[in-house]
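Student: Chain by chain, the residues run as shown.
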Amino acid sequence: SQQGEEDPQALSIQEGENATMNCSYKTSINNLQWYRQNSGRGLVHLILIRSNEREKHSGRLRVTLDTSKKSSSLLITASRAADTASYFCATDVIGKLQFGAGTQVVVTP
Amino acid sequence: EPEVTQTPSHQVTQMGQEVILRCVPISNHLYFYWYRQILGQKVEFLVSFYNNEISEKSEIFDDQFSVERPDGSNFTLKIRSTKLEDSAMYFCASPTRGFRSGANVLTFGAGSRLTVL
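Protein chains in written order, with our numbering: chain A, 10 to 118; chain X, 22 to 138.
Any given hint could turn out to be false.
[What the hints assert, rightly or not] Quick list of in silico lysine-lysine cross-link-like pairs, DSSO-like style, CA-CA up to 30 angstroms:
id, chain 1, residue 1, chain 2, residue 2
1, X, K104, A, K65
2, X, K63, A, K78
3, A, K35, X, K78
4, X, K63, X, K104
5, A, K78, X, K104
6, A, K65, A, K35
7, A, K35, A, K105
8, X, K99, X, K63
9, A, K35, X, K63
10, A, K35, A, K79
11, A, K105, X, K78
12, X, K104, X, K78
13, A, K105, X, K99
14, A, K105, A, K65
15, A, K79, A, K65
16, X, K63, A, K79
17, A, K105, X, K63
18, A, K78, A, K35
19, X, K78, X, K63
20, A, K78, A, K65
21, A, K79, X, K78
22, X, K78, X, K99
23, A, K78, A, K105
24, A, K79, A, K105
25, X, K104, A, K105
Worth flagging that the hints you see were computed from the coordinates, not collected in a lab.
Generate the whole structure from the sequences, applying the supplied hints.
Tutor: The following block contains the structure:
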């Protein structure tokens, strides 16, 4: 069964705008991670938030976690064209990462 | 920064043929993983491998799939008789150093694109 599901599936914004994407999951987790994937490439880890944390920042990234709603959000502030990629949430369940289908973000100059 | 290296980057094969995908994970790691991603779809867990044994596998990882460690550093994913639906990107991944224990953060290879005709 699919653990993480991202929403929206696709997002198109202009440079300078903020991009927000959400992730919902089904079971209890140890932590939740966000990864980025450029077209045709491997996934790159962006940020991790543990189950006892509510918010975390890293540069222009802000992640929230609501374990009562089993949901997380990733905010990219002041987006750049180079942020164009697919973004995946991954839940760490019993030492195995399970990914959603991703949100495809396009940032136009 | 430690890398995970995968070969080939792209392989085209005929249905029914055997395919071997190779991975060199981050050195000295005992754990590694294989994932696959059908074009435009989610990244799916296939199998985890620990200390020369399969530790967990998904329902996708049926008898047509196998993983091996033919030497000290390389890992392989073999598909014995490929089907059209095996066309996908296959990623191997190693745990990333520098995170506190208990956090399963992965470093992925660039992937091997398999096209089955």
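Student: Enumerate the violated hints, using their earlier numbering and listing them in ascending order.
Tutor: The structure conflicts with hints 1 and 5, although it agrees with all the remaining ones.
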